[in-house]
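Chains as they are written, first to last, in my numbering: chain Y, -18 to 469; chain P, 24 to 76.
Note that these hints are calculated values from the structure, not bench results. All figures in this text were calculated on a predicted structure; none of them were measured in a lab. Be a bit skeptical, because a hint or two may be false.
Claimed, not checked - Reference excerpt, derived from the structure (chain Y facing chain P, CB under 10 Å, subset only): (1) GLY78; (2) ARG80; (3) ARG82; (4) MET90; (5) LEU99; (6) SER101; (7) ASP109; (8) ALA114; (9) ASP158; (10) GLY161; (11) PHE164; (12) LYS167; (13) GLY171; (14) PHE404.
Think of the CB as a built atom: it goes at the ideal place given N, C-alpha and C, for glycine as much as any other residue.
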Amino acid sequence: MIVLSEVYHTVEGRYVDSVLLMQISREVEKMEGVQKAGAMVATPENISFFRIAGFNPPPGVGANSILLAVDAVTGPAADAAIGKMLGMIESGTSGAGRRYRLDELPSQMSAEDYPVMLISTPGQYVRDIALGALDIGANLHIFSSNVPLEQELEIKRRGRDRGLLVMGPDCGTSIIDGHGIGFANKLSPGNDVGVIGSSGTGIQELTVQLDAAGLRVSYAIGTGSNDLTPEVGGITTEQAIAMLRGRCSSIAIVCKKPDPALQKSIIARIQDLPSAFISLGSSESGVHGRTGVSGIIDEAVAHISRELGKGHPLAEKAVEAASPGQGRRLLKGYFVGGSLCYQAQAILHREGIKVFSNSPLSPEYSAGGEFRDRNVCIDTGAEEYVAGRPHPMIDPVSRNSFLVRDSGRADVRVILFDVVLGFGSSPDPLDGLQGLEKGPVAVASICGTAQDSQGIESVRRQLEQKGVVVFRSASRAAAYAAAVMKVE
Amino acid sequence: MRMAQMKLKVINVGTEWFVPFLEEQGVDVLRVEWSPPVERPSDITSILRKLRK
Chain Y
-18 MIVLSEVYHT VEGRYVDSVL LMQISREVEK MEGVQKAGAM VATPENISFF
32 RIAGFNPPPG VGANSILLAV DAVTGPAADA AIGKMLGMIE SGTSGAGRRY
82 RLDELPSQMS AEDYPVMLIS TPGQYVRDIA LGALDIGANL HIFSSNVPLE
132 QELEIKRRGR DRGLLVMGPD CGTSIIDGHG IGFANKLSPG NDVGVIGSSG
182 TGIQELTVQL DAAGLRVSYA IGTGSNDLTP EVGGITTEQA IAMLRGRCSS
232 IAIVCKKPDP ALQKSIIARI QDLPSAFISL GSSESGVHGR TGVSGIIDEA
282 VAHISRELGK GHPLAEKAVE AASPGQGRRL LKGYFVGGSL CYQAQAILHR
332 EGIKVFSNSP LSPEYSAGGE FRDRNVCIDT GAEEYVAGRP HPMIDPVSRN
382 SFLVRDSGRA DVRVILFDVV LGFGSSPDPL DGLQGLEKGP VAVASICGTA
432 QDSQGIESVR RQLEQKGVVV FRSASRAAAY AAAVMKVE
Chain P
24 MRMAQMKLKV INVGTEWFVP FLEEQGVDVL RVEWSPPVER PSDITSILRK
74 LRK
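Here chain Y stands alone, though its shape is the one from the complex (with noise of 0.2 Å):
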C-alpha cells in the first residue's frame, strides 16, 4: 500500500497572480512522486475547491494568505515540490526572457511599432500604469476589471487627447491586424467587417460565426464592458469606428445594455455602411438605413451576409429535440463567456422559458444566493466566481465541475453551457468533465474555428462521446435547450 504524505505551506502577504499560481502547481505536478498539487488564494471558495480535490486544509488559513498544497508519495518528495512552488513564487515569472522596468520601455521602440499595452494587474493599480503608457504614446488594452469609473473616464479622455486608443478596462478580447489579444479565436484574415465590441465573448462568437460565413475580420476592437454607458458615452466605440471606417467594408458592433440614446447615434454614425448593431439580451429587431438592429449574433451575421452580398452564414442541421425522462424539469445552464450566457437567457425567455442568473437580463430574474430549485444561467466568468483563481476560460476545472454535479441529479432536465476555444483558452477546456453523467439532455455550442490550436472537430467528438448534443452557435444550443424544456 502508498501512504501519502500531504504537506501545506502558507504565503503571507505576497501578491501572486492566480494564473501564475495555476501553472505553479501544474509544474509541480509533473514532479517525480507528486500525486496531485494546488496553489490558490486562500478565499473561503478556493478552500472548498481544495477539499474538493482532496486535501485537508488546515484551518485558519486565511483569505490574505496564498495556500501550497501536495500530495506525494514521501515526504521528500512533498518537500521538493513545496520548495520549487516557494521558488516559483519569489520568482514571480513563469518562463524565460528578460522583463523591462517601465521606465525602460521607450528605448525600446521605434516608430515602426504600433504599440499596445496589455494590463492585467489588479484594478487598484490600472490607473498610474495606463497614465504612464500614454505618456510614451502607447495604445491600451485594459484587461483588468475593477478600475473605478472616474479613473476609467480619466484614462479614456487622456487617449482620446492623444489619438490613442483605450480598449478597457474590464476588455476581454481585441484584434489588431490579424492578431488576437487576450481571448481571441483564429481567424482568416481580411477587412470584409470591422468588429467593436464591449463584450468579449461576445466578440468571439461574432468573429466566429463571420468567419464561418466566409466572411474575413482582421480587426475588433473591445472597448470595456462600460464604455457604452452614459457616464463613459461611448469614447472607445467612437474612435474605433472612425478608424475602421474606410478601412473595412462593414462594420458589426455588439454590446449589451447600451445606453438608448447612445445606441442611436451610434447607429446613426454606421448606417451609411453594410453594418449591425448586436445589443445582447435585446428583443429588438429591426433595420435603419443599412444597420440591422438585433438581440442575436447569428441574426446580425445574416444581415451582414446579405448586405454585403457575400458569405454563408453557417446552417447547421435541424435535431429534433431529446426526450426527457420522468421528473426532470430544471435547466442548469453554466458558461465561461458571460456574453453567451447573456444571449441564452435572451432566446430562453423568448421561448416562454423563465431563467435565473447572476447575471440577469432584469433584476427580477437574479439568481440570488441559493438556485438549486431554479432554472438558471449562470455566468462562471463573475467576479463572486473567480474571486482569488484564474478565470474559467483559461482554468475550466471549477466550471465543468458544476455541470458534472448537476449531471447526476434526478430533476435536471437540461444541463447548457458553452465551450470557448482559441488563444488565451485553456489548451484542454474539457478538463473536469470526465464525470459527465447521461441522465438529463446535456446541449453545448463551441465557439471556435478549425484554426484553433484546441482542436475543434477532437473537442466535438469528445463530447459527443459523452452524450452532449453539439452545435457551433451559441444561439441554436440555447434555442434547443429551450426545445427540450417545451417536450410536452
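Got chain Y sorted already, so can you dock chain P onto it with the hints?
Showing chain P alone in chain Y's frame:
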C-alpha cells in the same frame, strides 16, 4: 488613427498567461517587471518623511 504600415508590439504588464499566445502569432512582446507597490502604514510613512527632512 496611426496604424497603417506599422507593426504591432505588445507591452505586457501583469499576468504573463497571454504572452505565449501572442508570440505564437509572431507578435513582438516586451514583458514588464511589475509587482504591487509596497503599501507602508501611515505612521511609518510619516517617520520616513521626517527622516528625509
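Consistency of the hints with the structure:
1. Of the supplied interface hints, the one on GLY78 (chain Y) holds, with its beta-carbon coming within about 6 Å of a beta-carbon of chain P, less than 10 Å.
2. The criterion of a C-beta within 10 Å of any C-beta in chain P is met by ARG80 (chain Y), whose closest approach is roughly 4 Å, and the hint holds.
3. The restraint placing ARG82 (chain Y) at the interface with chain P holds, with a minimum CB-CB distance near 6 Å, inside the 10 Å limit.
4. The beta carbon of MET90 (chain Y) comes within 7 Å of a beta carbon in chain P, closer than 10 Å, and the hint placing it at the interface holds.
5. The interface hint given for LEU99 (chain Y) is met, as the beta carbon of that residue sits about 5 Å from the closest beta carbon of chain P, less than 10 Å.
6. The beta carbon of SER101 (chain Y) comes within 3 Å of a beta carbon in chain P, closer than 10 Å, and the hint placing it at the interface holds.
7. With a cut of 10 Å, the hint placing ASP109 (chain Y) at the interface with chain P holds, because the nearest CB-to-CB distance is about 9 Å.
8. Hint status for ALA114 (chain Y): holds, given a least beta-carbon distance of 7 Å to chain P, under 10 Å.
9. The interface hint given for ASP158 (chain Y) is met, as the beta carbon of that residue sits about 6 Å from the closest beta carbon of chain P, less than 10 Å.
10. Using the Cβ-Cβ criterion of 10 Å, the hint placing GLY161 (chain Y) at the interface with chain P is satisfied: the shortest such distance is roughly 7 Å.
11. Taking 10 Å as the C-beta contact cut-off toward chain P, the hint placing PHE164 (chain Y) at the interface holds, the least distance being around 8 Å.
12. The beta carbon of LYS167 (chain Y) is positioned within 10 Å of a beta carbon in chain P (closest approach about 8 Å), and the interface hint is therefore held.
13. At a threshold of 10 Å, the smallest CB-CB gap from GLY171 (chain Y) to chain P is about 16 Å, leaving the interface hint violated.
14. Interface hint at PHE404 (chain Y): satisfied, since its Cβ lies 4 Å from the closest Cβ of chain P, which is below the 10 Å cut-off.
Going down the numbered hints, you'll see the structure goes against just number 13.
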